[in-house]
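If you're matching them up, the sequences are chains X and Z in order. Quick note: the first sequence uses this note's numbering, first residue 2, plus one each step. Quick note: the second sequence uses this note's numbering, first residue -6, plus one each step.
Hints may contain errors.
Claimed, not checked - In silico DSS-like cross-links for lysine-lysine, where the CA-CA straight-line distance does not exceed 27 angstroms:
hint	chain 1	residue 1	chain 2	residue 2
1	Z	Lys77	X	Lys38
2	X	Lys38	X	Lys110
3	X	Lys110	Z	Lys77
What the hints assert, rightly or not - Pair by pair, the computed Cβ-Cβ distance ranges are:
hint	chain 1	residue 1	chain 2	residue 2	range
4	X	His76	Z	Leu0	15 to 25 angstroms
5	X	Pro112	Z	Ala60	36 to 46 angstroms
6	Z	Ala27	X	Gln70	40 to 50 angstroms
The hints are simulated quantities; they were obtained by calculation from the structure and are not laboratory data. Bear in mind that the values here come from a model prediction, so they are computed numbers and not experimental data. Even for Gly, the Cβ is constructed at its ideal location relative to N, Cα and C.
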Amino acid sequence: MTGLDDFPLWAAILVSLLLLAGSALTLLGTIGLVRFKSFYERVHAPTLGTTCGAGGILIASMLFFSVLQSRLALHELLITLFVTVTTPVTLMLLARAAIYRDRTEGKAKIPGFQNDVPPSSAMASDARPDDPG
Amino acid sequence: MSATILLWSLTLSQWMLVAAMGCAAFRVIGGPRAQDRVLGLDALYVAAMLLILTFGIRSGSTIYFEAALVIALLAFVSTAALAKFLMRGEVIE
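Please put together the full structure from these sequences, using the hints given.
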């Protein structure tokens, strides 16, 4: 941290607040990952880190480099776009895999729908009969 | 003054991100089933990417940005491949 003594104070305070908020939200998401009881509750928790946490830290980084280099530095938008697009895709894939595994074993408790689809028809629409398992 | 504020908040946020990585690693190691481990690995990747971004702010160079971008790409690919593996039993059919 050398050569930062002429860094403007308002930008330093704003970058610090965004950094602290982002990392605290990421920490809260992973604490939820530890403390929730079932997988279907746990799958919601880390998205707090990937939306608000990553957003805060990426905005802080954009602001810091824009002020430091006295020009607009927006390359962190690439990470923002990529994380925002890919997180729902991967977690949907993971939740579908978990539901498939729990249904084929028939032991674990799967959260139902509100208007209660019977498990046989839901399974027929979800899993093909020629699945290797 | 502003260097002091930035240094302290960077240190604090880096420790919080390390604690987040520790929580995610706890879920990777002790998760009751395979999907819990994959979920913990995804959270671990995200926390590591954010930690590398804070290292980039601390050092003031934009080289760390590319490492963070590569880690975000690897997080997507690895989690998608592991979810496919849990679903089907193989990755490439």
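**Asked** Any hints this thing doesn't respect? Which numbers, in order?
**Response** No numbers; nothing is violated.
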